[in-house]
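Asker: Sequence:
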Amino acid sequence: MSALRLAMVCVPLLLTAACGSADEAVEADPAGAVGETAVRGPVHQRAQERIQAGTETRASDLSIENDDYKFRYAWPQEADDIPALKDGLGAERDTQKARLEAEAATGRKEAEGNDFPYHPLVFLKQWDVVTDLPRFLSLSAEIYTYSGGAHGMSVFDALIWDREGANGGKALKPLAMFRSAAALNDAVRARFCAQLDKARARKRGGPVTRSEDSFNDCIEPVANSTVILGSSTGDKFDRIGFLIPPYNAGPYSEGAYEVTVPANDTVMDAVKSQYRPYFEPSS
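Using mature numbering (1 follows the signal peptide of the UniProt record, and there is no 0), the letters of the sequence shown map in sequence onto residues -22 to -1, 1 to 261.
Misleading hints may appear alongside valid ones.
Claimed, not checked - Taking CB as the label site, the calculated pair distances span:
(1) D110 x R182: 30 to 40 Å
(2) E142 x A201: 40 to 50 Å
(3) N145 x D213: 25 to 35 Å
(4) K181 x A80: 45 to 55 Å
(5) K176 x Y230: 15 to 25 Å
(6) I60 x E88: 33 to 43 Å
(7) G68 x A168: 38 to 48 Å
(8) M246 x N92: 55 to 65 Å
(9) K181 x I60: 31 to 41 Å
(10) R254 x S231: 16 to 26 Å
(11) N44 x S261: 48 to 58 Å
(12) A62 x D39: 14 to 24 Å
I should point out that these hints are in silico values taken from the structure, not numbers from a laboratory. Here the structure is a predicted model, which means the values were calculated and not measured. We treat Cβ as the ideally placed atom computed from N, Cα and C, and that holds for glycine.
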């Protein structure tokens, strides 16, 4: 996985750093075909390839599958090595597991009481490292949920761990390192739109024709995606990534989109002054 390739439903998360709107993000696969649906983006596909090849290792990986639900929550060694971050992720894992168990119990009871089939619920979340800098650890996760509807949904989460925060560090939203969402939007919009249309054209087999339809028009970068921060050097942030869930830039069948924009002087101007020393422009 490259420096910016990593892998958000807008569920209440203890360490949520960003949340891309995904409408009814917890609808799902009646057949329970987790990991096989066509909506997965390239991040998910690469992660699945690593798992199947046996090269995917997680410092913490809790997986449970039974007749009522499928649950997985995992994070990498880099997160495990930071006690405060490890504790926070563990608390979120336990909260999500308890929530899924309660929802599954209610769902099964309702299904049996109304004589309709019960489909096991799903919550899968895997954190990956985007980049590990001397002060900051940039993480991202893909979340897959299924709540018994027509299909499941993949969305994204992200956080920046600041090692110099009080009490062993603190979690930041990537967007918190910028002056505002509007400032970041203005700094990347033209390049973001151009890259998004190229990605749409690759999936659709032809150029995008502009229209008022949100699937053909450009979209606001921050409001429609999870912002992630990456580095090509391992020293400073120089890449801004946008992970866009299904429905936000195209129909469900097209899956997720990823757009990467190198930092430039305009992006540098959008970064808050206290964080600017940890960014550098890149072509």
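Asker: Go through the numbered hints given earlier and state which of them the structure violates, listing their numbers in rising order.
Answerer: 2, 4, 10
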